[in-house]
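Asker: Sequence:
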Amino acid sequence: TSQWALEFDGGAPFRIESDWRIGAPVRWIDEDEQSLVEGAVTRLEPEKLLRFTVFDVRAAERPAVSEEDGITFELAEQAGRTQLRVRQGDFASMKDGEKYMDASAAVWDRVLPRIKALSESPAGDS
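Under this note's numbering, the first residue of the sequence shown carries the number 1, and numbering increases by one thereafter.
Wrong hints could be hidden among the right ones.
As the list claims (entries may be wrong) - Each pair of labels, with its calculated beta carbon distance range: (1) 110 <-> 34: 16 to 26 angstroms; (2) 78 <-> 34: 35 to 45 angstroms; (3) 34 <-> 7: 30 to 40 angstroms; (4) 99 <-> 79: 36 to 46 angstroms; (5) 58 <-> 110: 17 to 27 angstroms; (6) 119 <-> 45: 13 to 23 angstroms; (7) 79 <-> 33: 38 to 48 angstroms.
As the list claims (entries may be wrong) - Pairs of lysine to any residue residues, derived as SDA-like cross-links and limited to a Cα-Cα distance of at most 25 angstroms, are as follows: (8) 116 <-> 58; (9) 116 <-> 18; (10) 99 <-> 114; (11) 116 <-> 76; (12) 99 <-> 72; (13) 116 <-> 32; (14) 48 <-> 95; (15) 95 <-> 38; (16) 48 <-> 17; (17) 116 <-> 102; (18) 99 <-> 18; (19) 48 <-> 15; (20) 99 <-> 53; (21) 95 <-> 56; (22) 95 <-> 77; (23) 99 <-> 86; (24) 99 <-> 110; (25) 48 <-> 108; (26) 48 <-> 82; (27) 48 <-> 118; (28) 116 <-> 34; (29) 48 <-> 85; (30) 116 <-> 45; (31) 116 <-> 57; (32) 48 <-> 110; (33) 48 <-> 99.
Quick caveat, the hints were computed from the structure, so don't treat them as lab data. All residues carry an ideal CB built from backbone N, CA and C; glycine is no exception.
Work out the full structure, taking the sequences as your base and the hints as a guide.
Answerer: Written as structure tokens, this is what we have:
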């Protein structure tokens, strides 16, 4: 994640920490050890699916979060190739949700090609 997640905070360095078990906290932490985003793992199927909630702790209010909210990564084999599908939550319940949905889509448009390039590069390349 350190090689692609920078796009989410405008290029500022941060890391994502979790032990990736059901119910485990997920924290996006900046260089000053401050939480930027917090959430929890809500679903896990090893080598198939990972879902975790996300909440920008800098936001004024915390919206209600369901198990379906957050970011979901799904892997599937198709014609001998691995396909990654990424979904990000329900913005409908958020104040200014459409604005956040559009901003999120723009970030994923930059992130997904990076993830693809990293996944296709030989191990150890960056």
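Asker: Hint by hint, which ones does this structure get wrong, listed from lowest number up?
Answerer: Per hint list: 3, 8, 13, 14, 18, 22, 28, 31 and 33 violated.
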